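Enquirer: Listed below are the residues making up each chain.
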Amino acid sequence: MEEEKYIEELVGKRNPFVVPEGYFEQLTDQVMQSLPDRRPRAKTVWLRPVFYAAASVCALFVCATVWLSWPSSSQEDQKGVAEAVQAVQMQQPDDTYFDEAADYMMLDNQAIYACLADY
Amino acid sequence: MEKYDDQLIQQMLTNPETQRQAFEACVRQYGEQLYWQVRKIVLTHDDANDVLQNSFLKAWNGLGSFQGDSKVFTWLSRIAINESLDFLRRSKQRQTVSEDARTVASALQADTYFDGSETEALLQEAIASLPDVQRTVFQLRYFDEMKYSDISQLLGTSEGALKASYHIAVKKITDFFKARD
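Note that the protein sequences, when read in sequence, are chains C and E. In this text, residue positions in the first sequence follow the working numbering: the first is 1, and each later residue adds one. In this text, residue positions in the second sequence follow the working numbering: the first is 1, and each later residue adds one.
By construction, these hints were calculated from the structure, which means they are not laboratory data. Do not take every clue at face value.
Below, simulated BS3-like cross-link-like pairs (lysine-lysine); rule was C-alpha separation at most 30 Å, straight line [unchecked claim]:
1) E:Lys-58 - E:Lys-3
2) E:Lys-58 - C:Lys-79
3) E:Lys-163 - E:Lys-147
4) C:Lys-13 - E:Lys-178
5) C:Lys-5 - E:Lys-171
6) E:Lys-171 - E:Lys-147
7) E:Lys-147 - E:Lys-178
8) E:Lys-71 - E:Lys-163
9) E:Lys-71 - E:Lys-58
10) C:Lys-13 - E:Lys-71
11) E:Lys-172 - E:Lys-147
12) E:Lys-58 - E:Lys-172
13) E:Lys-71 - E:Lys-178
14) C:Lys-79 - E:Lys-163
15) C:Lys-79 - E:Lys-71
16) E:Lys-3 - E:Lys-163
17) C:Lys-79 - E:Lys-3
18) E:Lys-3 - C:Lys-5
19) C:Lys-5 - E:Lys-58
20) E:Lys-178 - E:Lys-163
21) C:Lys-79 - E:Lys-147
22) C:Lys-13 - E:Lys-147
23) E:Lys-147 - E:Lys-71
To list a few chain E residues with every Cβ distance to chain C over 12 Å, as calculated [as the list claims (entries may be wrong)]:
24) Leu-85
25) Asp-150
26) Ile-173
Model, not experiment: these values are computed from the prediction. The beta-carbon is built from N, C-alpha and C at its ideal position, and this holds for glycine as well.
Input sequences plus hints: build the corresponding full structure.
Expert: Shown next as structure tokens:
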């Protein structure tokens, strides 16, 4: 390129910039000292609170799920208990029948107590 | 580490146990080369040092994103050039060939760390007046004699577009000098 040659002949390609003495010898140390630590340990410490927060949310979710599903099973249990009590009550002898039996056997209270005292 | 091996360094960079040692090897290997790339864009030593430090810090923090699909130098160079251009945008150092731009040459000649002639200072002034891409392409092609394919990898621009940018940059710089005759 003709214009490129013109610039080259006029100015040349020399690097006119300079650096302070010993700059490049110290550059690597200077750069490395300015870099933060990137050890995995530091990363784990940073992530630990996040891990705990996520675990807490999961635990809450599980508790909420169990809590919400609990009332329906409780109602079933209560219903079952009520039925069982009713069945037991139906099996127990009524006082009416007891009195009728005592009359049939011509027993009064004293005879009953005397009978029970023998045992 | 006696000899720099790019493939080995790439492997070491992915291992948390060895990545610091590998990164140090990269800084030692490419620090000077990257410094000059940055310096030619931002011009002063203090700015170049700041931009270079930031570039390495950015590379270190973004080490996880380095997939090894490009060479370590290409990756670092891309970061350094982007940081340099960001720096220019932030500090509004983009100069035009007007009164503002004239201060570039005079500022360089007053700079302790500039060892060039008046013509060399004027060339830097002309380069500073170019848009970002033309400026970067000119520096990489003219001074570093880098291939268009390599520049394309660095800037993510097609070779055709880079050739056009370089041609325009050369034309503008020539016009700048001819206008001064």
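Enquirer: Would you pick out the hints that fail for this structure and give their numbers low to high?
Expert: Violated: hints 2, 12, 13, 14, 15, 16, 17, 18, 19, 21, 26.
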